[in-house]
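Position chain A relative to chain P; hints supplied.
Protein chains: 2
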Amino acid sequence: MAGTVNPDLRKERENASFHPEKVTNFLYGGPGVVKRKRELESLVLNDPDFQSEDLNFLSREQQYETQMKKSILMVTKGEKLKITDVQDRSFYTSAVSGSDSFSFGLHVAMFLPTLYGQATQEQKDKWLKMAEKYAILGTYAQTEMGHGTFLRGLETTATYDPTTQEFVINTPTITAYKWWPGGLGKTSNYCVLMAQLYIHGKSYGPHPFMVQIRSLQDHKPLPGVTVGDIGPKFGYGSVDNGFLAFNNVRIPRENMLMKYSKVEPDGTYVKPPSTKLAYGTMVQVRANIVVNSGRVLAKAVTIATRYSCVRRQSEMKPGHPEPQVLDYVTQQYKLFPYLAAAYAFWLTGQTMMSVYTTSSNQISKGDISALPELHALSAGLKALSSWVANVGMEECRMACGGHGYSHASGLPRLYANMTPGATYEGENTVMMLQTARYLMKSYNQSLQGEKLAGSVAYLSGVQPVPAAGRTRNMLDLGVLCDAYRHRAARLVHEAAVQLRNERQAGKDQPDAWNAASVDLVKAAMAHSQYFVVKNFAERLTDSTLDSSISDVLTRLCQLHALHGLVTNSGDFLEDGYLTGTDVRQARRHINALMAKLRPDAVALVDAFDFPDGILNSVLGRYDGNVYEHLLEWAKASPLNKTDVHQSYHKYLKPFLEDNRAKL
Amino acid sequence: MAGTVNPDLRKERENASFHPEKVTNFLYGGPGVVKRKRELESLVLNDPDFQSEDLNFLSREQQYETQMKKSILMVTKGEKLKITDVQDRSFYTSAVSGSDSFSFGLHVAMFLPTLYGQATQEQKDKWLKMAEKYAILGTYAQTEMGHGTFLRGLETTATYDPTTQEFVINTPTITAYKWWPGGLGKTSNYCVLMAQLYIHGKSYGPHPFMVQIRSLQDHKPLPGVTVGDIGPKFGYGSVDNGFLAFNNVRIPRENMLMKYSKVEPDGTYVKPPSTKLAYGTMVQVRANIVVNSGRVLAKAVTIATRYSCVRRQSEMKPGHPEPQVLDYVTQQYKLFPYLAAAYAFWLTGQTMMSVYTTSSNQISKGDISALPELHALSAGLKALSSWVANVGMEECRMACGGHGYSHASGLPRLYANMTPGATYEGENTVMMLQTARYLMKSYNQSLQGEKLAGSVAYLSGVQPVPAAGRTRNMLDLGVLCDAYRHRAARLVHEAAVQLRNERQAGKDQPDAWNAASVDLVKAAMAHSQYFVVKNFAERLTDSTLDSSISDVLTRLCQLHALHGLVTNSGDFLEDGYLTGTDVRQARRHINALMAKLRPDAVALVDAFDFPDGILNSVLGRYDGNVYEHLLEWAKASPLNKTDVHQSYHKYLKPFLEDNRAKL
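Residue numbers (UniProt numbering), protein chains in the order written: chain P, 1 to 663; chain A, 1 to 663.
Treat each hint with caution, since some may be false.
Put simply, identical chains are the same to the list, so a pair is met inside one copy or across any two.
Below are the SDA-like pairs computed for lysine to any residue, each with C-alpha atoms no more than 20 Å apart in a straight line [unchecked claim]:
| no. | residue 1 | residue 2 |
| --- | --- | --- |
| 1 | LYS334 | ASN568 |
| 2 | LYS334 | HIS589 |
| 3 | LYS662 | GLU132 |
| 4 | LYS220 | ALA457 |
| 5 | LYS126 | GLN362 |
| 6 | LYS641 | GLN62 |
| 7 | LYS202 | GLU450 |
| 8 | LYS365 | THR281 |
| 9 | LYS220 | THR554 |
Derived from the structure by calculation, the hints contain no laboratory data.
So that you can see chain P by itself, here it is in the shape it has in the complex (with noise of 0.2 Å):
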C-alpha cells in the first residue's frame, strides 16, 4: 500500500466543499506566490544533502552540530541560487528549519538589522559586508540574567574613557551576566551589546555597542570575555543560546552604534532625535510573531486533525465499524475552534504587517504619529496570539491522545520550540499591560472630548448602552463584532472606574495601576480579541474570493467569534449586553457549524499547504500512513541499535542473578 493514501483521507478530500489551491492562493497572496514558496521548499527537501537523522534522536550536542551543518549549506546554497528576496528566503529558510531553528537565526533577525538600522554609514562600510557575507558571526546581547522585558534595569556597563577614547565594558554583577541570545554560546564572534553608557560618572542608559567576543583566527574567547552555553532548555535544543561576561574589555569609540545617540571623542554626548523610532522594528517583530503564532497553529491543526480521520476508536453504535475520531462532537470542539483561530491570526499578522509596511512608509518621510497606536496594539495582539498558540498546540497535542505525545508525532517538539513566544520580545503580561496604558490614555482623551482614530475609534462616540430584549441572530458576523466591540467598550470603562476608584481610596497611581492590572490585562484582551474578529469579518469582504470558498471562510469566522463569546459569557452576560437565550443560541450554532465544517476540515488543514518535509510529523502526514511509519519511525530510535542494551550487561544482569539466587 506504500504510496497509496489512507482511504479515509481519500474521501474526506472528495468530500470537501471547494478546492483546497483557492484558500492556499487566499492565504500567502495569490497563486504566483504559492507557485514561488512550492519551488523553494522542494530546493530543500528534494535536496539529498539536507536529510539528516530525525533530530529527536540526536543529543544536544549532535543536535547543534546537525543544525550547523545544515545552517551553512543553506547559506551556501542559497547565494549559488541567488536566493535575496525576503519572502524567498524566509520559504527557504522555512523549508530546511522546519519547527526547529536555523543557527545563525539572530545574525539574521538581529544582528544585521541592528546594523542597518542603527550604525552610521562608516560603521556599516565597516563592518555590514563582513556580516551580509558570514565572513563573521554575530548575535544581539541584551537579555541579562537578572532583567529582560525591563530594559532600564540592563547592567553592564560601557564606560567611556575620553582618555584613549575608549569604551570599557564590564560586568559588575552575577546578574549582570548576558543570559540567552541565541547563537551566543558558541557560535557568534562577535555581538550587538546593549550596555548602560556612563560618561564622566553620569548614566545615559542603555545603549548599542559593536563588540567582538571571540579571535577570528582560532575562534577562541578574546581575553577579559567570559563566554558559554547556558545549558538545555524546554525547546531550541540544537540552538547555543550563551552567557557573557566581561572584564574590563575595551572597545574603540567607533564602536558604539550612533546613527542615533552619539558620543564625540570628549565624551559629549548627543541625544537621538526621538525614543520613538525603535517602535517601528518593535511592530515588524511583533506581527512576525503573529503571523508565526497563526502558522504554528496552523500546523498542529493540520497534524491533528488528520490523524483523527485516519484514527478510528470506540464504538459509537453496536455493532458498527469504529468511527473516525474526528466524528466525535467533542473532539470537533477541540480542534475546529483552533482551526479558526489559526486563520484568524493568520490573517491579523497579515494585516499588522501591511499597516506597518504603510507607517513605515509615513515614518521614512518624518511622520510617526501612527506609531504609538500601532505599537500599543501589537503588544496586545503579540500577547493573545501567542498565548492562544500554546494553548492550541498543547489541545492538538492531547486530541492525539498517546501518540501525541511521541515525538513521532511532531507536537512535543513544535510545542516546546514555539512557547518561548509568550515571553521573549515582552513578556505577555507586561505587553497586554502597554495596550493597557495606551487604552486608558484614549479612554481619558474621548472622556475629555477628543476624537479618537485607528484601532481606539470606538472608545470615543457615545458610551454603548445594554440592549436587552432584542433579539439578535448570533451568526451575523455584524452583531457578533458589535458584542466583541460593546464588551471592550465596556472592560476598558469598567478598568478605568477600578483604576479611579483605587486611587480615590488614596492610593498613589503606581499602586493604583498595580491594584487594577488584572482588571486591566481583561480589558486589553478584549480589545485585541475584538480587532481579530473585527479583521477576520472584513478580510472576507474582499469582493475577489471565490464564494466557494468565501463561504466556508465564514463558517470559521462565525466559528471563531462564537467560540471567544461562548468561553468568556461572563463578559458579555455581565451587564445584560447578552442574555442567557443569546449564549444558549450562540452554543447550538456552534454545533451547527462544526458539522458543516467537519467534511471540509481536511481541505481546510490542507489550504495551509505545508509539505510532510515541513510538518515533521509521522501523524500528520499527508498521505495518513501513520501506523506503518510509526513502527519504523520508532525502529530507527537509538535505543533499539542493539536487541539487549549494554545497560543489562552492567547493571540489570547481576541485579536479577543476585535475585533469584536468593529465592
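Relative to the frame of chain P, chain A by itself:
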C-alpha cells in the same frame, strides 16, 4: 554568602502569619508521618550513591542507564533498610526519582498488583515471589498502537488450542502491536498481556495472560517475540516505553490469570462473577492521579512562588528599588489560584483514598453497591485535576519568565513528565463522558422519584430555582458551595434537556449522545468542580485545626471557589442565579484575598515540604540563591566541556574562512 538564605526569602518567612510546620502536618496526616517522610527522604538525599549527573544533561540512552542504576540501588538498599510499608515506600521512591520515573515503575504499579488481584493461588505461588523479589521483571501490556482507552478494540489474540492446552498469541495487524507500556522496550522479561480470548472460533473479549518475552539467560527476545523501544517522547526520557508483537507464541493454559474468568482444559469458558470488580483498582489508580496532580501543582507553585520573591524587576515607582515580582498583582493572579488548586486537589485526593479504603472493605465483604458512583466520580476528578495541573504547571513556568524555560528551573521536565496524566488511565474527555453517563442515569432516576445518595444526592430533591434580587456574601463558603451546586444541577439538567431534544429531533441514542457531548462534558466538569470545592470547605470544619492555619486555609478555599466562579462566570450568570453585581463583588474579593495571602505565600509553599533534592530546581531552591547556581549549572552543561566546540573545526572554520576570502 554561600549557605545563607537570600534576604528576600528570609523576610518572607519571618513575616508569615503561621508556622508552615502546622500545615505540613495537616497535609501529610500528622507529625509522625512528616517525621518518617523526612527520615526516608534524607536516607536518599544524603546518600552519595544516589547522586548522579543532572538528567537534563544526558542523552536518552544515558538517562535510561542512569535511572536503571539508581532504581536497582533503590531496590537493594530499600530491602536492606526493610522499607516495606506502602506509604514509606512511596516517600522513599519519590526521593529517588524526583519528577522522573523509577525504572521498574510498571512492575510495581501494574504487574504486581495484577498478579495480586487476578492470579489464582497456584499462580501466585508460581510467580509472585519471583516478581516481588525482582527475580523477574514485568510490565503490563495493554495499550496497542491502534487502541488505548477503548479496551474492547484490542486486536492481539490469544487463541486456545485444546489439543495442546495452550494459548497461541498473535499480533494480526500493525495496529495490534502493543505500544507504550513502560519498561517494555528493553527492561522487562515478563508481562501481563491483555489479549482477545478466542475459544473454538468464538471471541470472549480481553483477558490477562502471563507471558515471558525475554530469555532469563541472555535477555534476548524469545522466538516469535518482537520487542523494542517506541522512541523518544515529550518526557519520560529515562523510560523505555515499548512495542511488542507476537508470531504464534504458545503459552500454557495455566498462564491465563484465572482468578475470575477461567478456561478449562477442554476449552469451556467460565464467566467472572462481576465485571464491576475491576472498578476498585481503577478508582485507586485515579485517586492516585488526583493526589499526584495536587502534588505536581504544588511543586510548580513552590518553584514559581519562591523565585517570584527573589526576582526583582522593573520600576513600579520612580526612584524606588525594583519590586519583587510577587508584588505585582498580575503575578499573584497567575500563581495564587494554582496554589489554592494544589491544596484543593491534594485534599480531594486524600478524600478519594479514604472513601476508596472504606468501600474496599465493603467490597471484600461482597458489597459492591458503592462502586459505580465512586467509579463515575473518580473519572471526572481524574480528568479535572490532571487538566488543571497541566495548565497550572505551564502558567507557573511562564510566570518565571525566560528562566522558567531553562531546564534549570525544573519546570519543563515536571510538565513533560506529568502531562500524559491527561491521557493515560483513560483519556480525559472519555473520563468526563463516563461521569456524565452516570449523572444522566442518576438524573433520570431522580425524575422518577428515586432518592439519590452520595456525590449525586443533590440532583434529587427540588430543582433549584434562581434567586434573583437576593444579596449574597460572596466570601461565605456556604454561599459559594450553593452556587457551585446550583450550577452543576442546572448544567446536568440542561445536558439532559439537550439530549432529549436531540432524540426528539429524530437522532438515535448514540447520535444524540454525541450531539450533546459538549454539554455533557460541561455538566460533568461542573459536577467535579462542585465536589472539589465542597470537599475543601468540609475539610476546614476539622475541629482539630489550629486557628492560625484555618484562617489562611479558609482564604485559599475562598480564592479557589471565587476564581473558578469568575473564570466561569457565564455559567452562574446565564440563568440569573448570580447577578453582575455578585460577580463584580467576587472579583473585588479575589483582589482582597490575594493581598491577604501575599505575606503567607512562601510559608504556604514551604508547607508542601519538598526538599531541594526532590524539587530539582535552581529557581525553587529553599535558600533562594538562584543566580549563582544558575551560572554554576550552566557551566556544567556538556556544550561547555571545551571553549571551542568541535563543530567549529568541522564546519564553522572552513565556512568563515571561505567567506572571508571572498570579501
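Hint check results:
1. LYS334 / ASN568: Cα proximity of LYS334 and ASN568: in one copy and across copies (16 Å, 18 Å).
2. LYS334 / HIS589: within (16 Å within a copy, 33 Å between copies)
3. LYS662 / GLU132: between (70 Å within a copy, 12 Å between copies)
4. LYS220 / ALA457: The answer is neither: 56 Å in one copy and 73 Å across copies each exceed 20 Å.
5. LYS126 / GLN362: Answer is neither; intra-copy 29 Å and inter-copy 85 Å both fail.
6. LYS641 / GLN62: Both, since 17 Å and 14 Å are each at most 20 Å.
7. LYS202 / GLU450: The answer is neither: 40 Å in one copy and 82 Å across copies each exceed 20 Å.
8. LYS365 / THR281: within (16 Å within a copy, 73 Å between copies)
9. LYS220 / THR554: For LYS220 and THR554, the Cα distance exceeds 20 Å both inside one copy (58 Å) and across copies (59 Å).
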